[in-house]
Amino acid sequence: AQTVTQSQPEMSVQEAETVTLSCTYDTSESDYYLFWYKQPPSRQMILVIRQEAYKQQNATENRFSVNFQKAAKSFSLKISDSQLGDAAMYFCAASNFGNEKLTFGTGTRLTIIP
Amino acid sequence: ETGVTQTPRHLVMGMTNKKSLKCEQHLGHNAMYWYKQSAKKPLELMFVYNFKEQTENNSVPSRFSPECPNSSHLFLHLHTLQPEDSALYLCASSPLQGLNYGYTFGSGTRLTVV
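Chains as they are written, first to last, in this note's numbering: chain A, 759 to 872; chain B, 309 to 422.
Okay, chain A solo, but in the shape it has when bound (with noise of 0.2 Å):
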């Protein structure tokens, strides 16, 4: 079973400045993928990134990018030159290889400050 942790209930940032928004994860199995995802006030999920576990590079989209410290089962979001439309709820998932159910953390809320 897969288990993802978010330890950060809430962040802020200032407008234009970097955030970075913490995950860890725990499985068994070797291969398998890691996605942050932002929930706004209208309710809809929009995948944010997506991070293949066996590839060691970084995913990055424009100003979102990852951590990934596989050993550490870490898979950190880092958000640059925040925007306010960023604000939103983030939640990071996680599924195995083979099989697409994911499973969600708790969200971290964040703020921007204008």
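The hints are simulated quantities; they were obtained by calculation from the structure and are not laboratory data.
None of these values were measured; they are calculated from a predicted model.
Built from N, CA and C at the ideal position, the CB exists for glycine as well.
You may find that some hints are simply not true.
Selected chain A positions facing chain B (in silico; Cβ < 8 Å) [unchecked claim]:
no. : residue
1   : Glu768
2   : Met769
3   : Arg808
4   : Gln809
5   : Ser853
6   : Phe855
7   : Leu860
8   : Phe862
Following the hints, put chain B in place on chain A, whose structure we already have.
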């Protein structure tokens, strides 16, 4: 809209009522999921359907009854609910092609049981 549509957006029901939540996707996905989202808790997986067959039921009380008539439609039938069932119910779909690209979510149904 991301391609997964949930109706209704909001629902208030009494404990003796019977209602249904609907989820529809035309993305060609073969897996569909129901999740329950409560405050400060991880998203709870309720049911999984692969190729319209139920493959997972996470010990969900029988007052929640899912139905998947085809790969594009998923229903959650509700009857004699309890106040603690009040939550956001999210539907999601995924391709089920072994590539683990994550889910596409609907906007959810906010359910209030009175």
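Cross-check of the supplied hints:
1. Glu768: violated, 11 Å
2. Met769: Met769 of chain A check fails; min Cβ-Cβ to chain B is 15 Å, beyond 8 Å.
3. Arg808: holds, 6 Å
4. Gln809: Hint on Gln809 of chain A: violated, closest Cβ of chain B at ~11 Å, above 8 Å.
5. Ser853: Because about 5 Å separates Ser853 of chain A from the closest Cβ in chain B, which is inside the 8 Å limit, the hint holds.
6. Phe855: holds, 7 Å
7. Leu860: For Leu860 of chain A, the interface hint holds, since the closest Cβ of chain B sits about 6 Å away, which is under 8 Å.
8. Phe862: At about 4 Å, which falls below the 8 Å cut-off, the nearest Cβ of chain B leaves the hint on Phe862 of chain A intact, so it holds.
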